[in-house]
Amino acid sequence: MKSLVENLFDDIRIKEGLKACINCGTCTAICPAASFYDYDPRELTVLVQNKNEQQLKNLLSSDYIWYCGECMSCKTRCPKDNVPGLIIEALRSLSQDTGLFIESEKGRQQLYIKRVIGGWILKYGYCLYLEGVGTNTHPEQGPVWDWRQKNWSETLKRLGANYKGDGPGILRKIPEEALEEIRKIFDETGATARFNKIEEYSKKKAAEMNLEFGDGLDNEYFHHISTHNSNKHNRE
Amino acid sequence: MKLEGLKKIWKEYQKEIADNNYFYVRSCVRQNFFPGSETTFLRIMKEELGKNIYENPCHTTCTAIGYHGDIIPLDTVMTVVARQFALMTESGYENLVPSCITSFGLYTEVLDTWHHFPEIEEKIRKYLKKATGREFEKPKNLAHASDIIYKFCKEIAAKAKYKLINTNTGEPIKVVDHIGCHYSKMFPSKGIGGAEYPYVLQGMIEAWGGEIIDYPERRHCCGFGFRQFIVQANRGYSVSCSKKKFDSMEQYKPDMIITNCPGCPMFLDKLQYAISEMEGKVYGENGHGIPVFTYEEVAGLVLGYDPWDIGLQVHQVACEPLLDKIGIPYDLSKKYLDVNGGCLGKPEKANVLKTY
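Read top to bottom, the protein sequences are chains X and H.
Okay, so the first sequence: first residue is 12 according to this note's numbering, each after it adds one.
Okay, so the second sequence: first residue is 7 according to this note's numbering, each after it adds one.
The following block holds chain X by itself, in its conformation from the complex:
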């Protein structure tokens, strides 16, 4: 069986994103996540560069790898062509594939993203499908959004959409044959396997945490992972 380090360094994003870090800290200076969270892409890059199995296991089990926003500002500025954002993508993939993501508060949120974004992709063919997504879960959206939610299809039609219609256009109904192709791609290329792993490991963790677990978006574990914040993530 391959070690975690070997698995990580097989990822093409490590080949693309980790050349040789010179510890200059430019990435940390430019990083939005580093100014908000207790996070330091320079430290992360050096740690991965060490290739220490135990350190890597700890990293994959921690909140630390989930702080980056993947804005890729680090890619622009690194004088040695390293990309901490790509290293993060590879670490997050490995954390999910090994099940270690459930060991951290932020990692456990992957079930939320899988069920919400993943659910929309497979059901509708869109990354976002916001009918019915109100200010109860998105209070930042405000009263105009509430008005739009009340008049969702009417406002879409007013602005030229082909909502749920056949043929081209905004938020058209994506043909079933196209959705079937996407599902087959998911089966063939590892997305279905990852989705199943996220579900399986999350279910185990819910039992361990003594929280009710169920399908869909309305169960104790799901509410917990989407709203719980231990407030131990930011700089003092």
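Check the hints yourself; a few may be wrong.
Just the calculated beta-carbon pair ranges, DEER-fashion [to be verified]: (1) H:Q20 / X:P179: 25 to 33 Å; (2) X:A31 / H:E125: 18 to 26 Å; (3) X:G176 / H:P335: 26 to 34 Å; (4) H:R224 / X:V57: 25 to 33 Å; (5) X:P150 / H:H121: 39 to 47 Å.
Dumping the calculated PhoX-like pairs for lysine-lysine here, alpha-carbon to alpha-carbon at most 20 Å [said to hold, decoys possible]: (6) X:K13 / X:K26; (7) H:K249 / H:K360; (8) H:K341 / H:K355; (9) H:K52 / H:K165; (10) X:K161 / H:K352; (11) X:K26 / X:K62; (12) H:K144 / H:K129; (13) H:K249 / H:K259; (14) H:K135 / X:K195; (15) X:K68 / X:K13; (16) X:K161 / H:K355; (17) H:K360 / H:K259; (18) H:K341 / X:K161; (19) H:K132 / H:K144; (20) H:K132 / X:K195; (21) H:K360 / H:K341; (22) X:K195 / H:K129; (23) X:K26 / H:K129; (24) H:K21 / H:K160; (25) H:K287 / H:K249; (26) H:K144 / H:K21; (27) X:K168 / H:K341; (28) H:K157 / H:K169; (29) X:K195 / X:K208; (30) H:K167 / H:K52; (31) H:K146 / H:K157; (32) X:K91 / X:K30; (33) H:K136 / X:K195; (34) X:K161 / H:K340; (35) X:K168 / H:K352; (36) X:K184 / X:K195; (37) H:K52 / H:K160; (38) H:K57 / H:K157; (39) H:K169 / H:K180; (40) X:K168 / H:K340.
Everything labelled a hint here was simulated from the structure, so no lab data went into it.
Even glycine gets a Cβ: it sits at the ideal position worked out from N, Cα and C.
Using the hints, position chain H against chain X.
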């Protein structure tokens, strides 16, 4: 420095943009939040510029938000991208125009990865063939929809009904531009002006009479951060990033913000509301926020399109103060009507942010 030298340097920040015959792929975010912008873009392309632009109804999400939310593996997202390329090829097109910046960044990244690792391209071709039976050619030209408007901004200026001039003062409208991170931070040579001298929006604004404000946090992310916004417990990240930008731009008193990414205008618009509710802070004049626009909306406005046809009624921060400055007429009684003129009620008032 001599002018020739400057021209030579600037050449590195230009890119090839196809002249006609575009294969358009839509943005999940823009369709949900700013549907009027895609409608306006296609109207300008067809009615004003006389271009051939085609949309295949079988195209889907590119899954990039899932990819950057880390639920979608790299092989999957590349195969979905390959399927979009196949639809383009089968439809007889070779110039790909995504509406979304995240998609644009992803397509750029996939093509770059395949360039450096041809064996990965071969693997993805096999995946696509096995899953869908499809084959594809790579696009000859890849340009974001904002690149196209930039390319033709002078033609739009020639047809414009309004200029970005404050009719009260005679001064140019002062504009803050916000370029989506994935437009040029990953591959600076693929964006006009690169990541350091973003010019795609500035070029439009200058062509239409306005003036860009350069301010300290001009290049800072809006705060989407994918999982940082999607998951409620993380959303403080998004608010704090946007706040950093507003705090930085405030002293320059911008009349408006223009954006080229579908998500950024939503954040810069809605999070002004959120900050006003959280802290009582408002960044614009007279209790209003700073109006936020997509580049399609700004193009539509200068061309004289009705503000409610291009979708300004779905913004939380009132756009009317800018329309008043430029002298663009609008009928408030028609703001919240449906397509047949039926009344859809009105949004409730915010507690702090002044709306119309």
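- Which of the stated hints cannot be reconciled with the structure, identified by number in ascending sequence? Hint check: nothing fails, all pass.
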